[in-house]
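Colleague: Sequence:
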Amino acid sequence: MRFFFDLVQDGVLSADDTGLDFGTAEAAKAEAARTVLEVAADLFHNPFRSLAIQLRDPSGRMIHIAELRFYARDMP
0 MRFFFDLVQD GVLSADDTGL DFGTAEAAKA EAARTVLEVA ADLFHNPFRS
50 LAIQLRDPSG RMIHIAELRF YARDMP
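When we follow numbering that gives the first Met the number 0, the leftmost residue of the sequence shown carries the number 0, and every step to the right adds one.
Since the hints were derived computationally from the structure, they do not count as laboratory data. Hints may be right or wrong, so weigh each one.
What the hints assert, rightly or not - Straight-line C-alpha distance at most 20 Å; calculated EDC-like pairs for lysine to aspartate or glutamate:
1) 28 to 56
2) 28 to 16
3) 28 to 15
4) 28 to 66
5) 28 to 5
The model shown is predicted, which means the values in this text are computed figures rather than measured ones.
Please put together the full structure from these sequences, using the hints given.
Modeller: So, in structure tokens, the structure goes:
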């Protein structure tokens, strides 16, 4: 089954039009959690307040959000 991982950085959506195949929604959700951490590490030097991966199923329905938020006290 194909799932789509949309990136949302500070409220700006970058839609995933290609997607990835996973056997179950749970496997896709686990990948979304890993992906949001990897993207955060890649963007570490590019300041952002929030970062999320929105997971969509093949019908386009959002089924999960893996999100990181940074608060003013956490920022340098």
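Colleague: Give a verdict on every hint.
Modeller: Hint-by-hint comparison with the structure:
1. Distance check on the hinted pair: residue 28 and residue 56 sit about 11 Å apart at the alpha-carbon level, within 20 Å; holds.
2. Pair hint residue 28 plus residue 16 holds up; C-alpha atoms about 17 Å apart against a cutoff of 20 Å.
3. Between residue 28 and residue 15 the alpha-carbon distance is near 15 Å, which keeps this suggested pair within the 20 Å criterion.
4. Distance check on the hinted pair: residue 28 and residue 66 sit about 12 Å apart at the alpha-carbon level, within 20 Å; holds.
5. Taking the CA atoms of residue 28 and residue 5, the gap is near 13 Å; set against the 20 Å cutoff, the hint holds.
Comparing the model with each numbered hint stated earlier shows that all of them hold.
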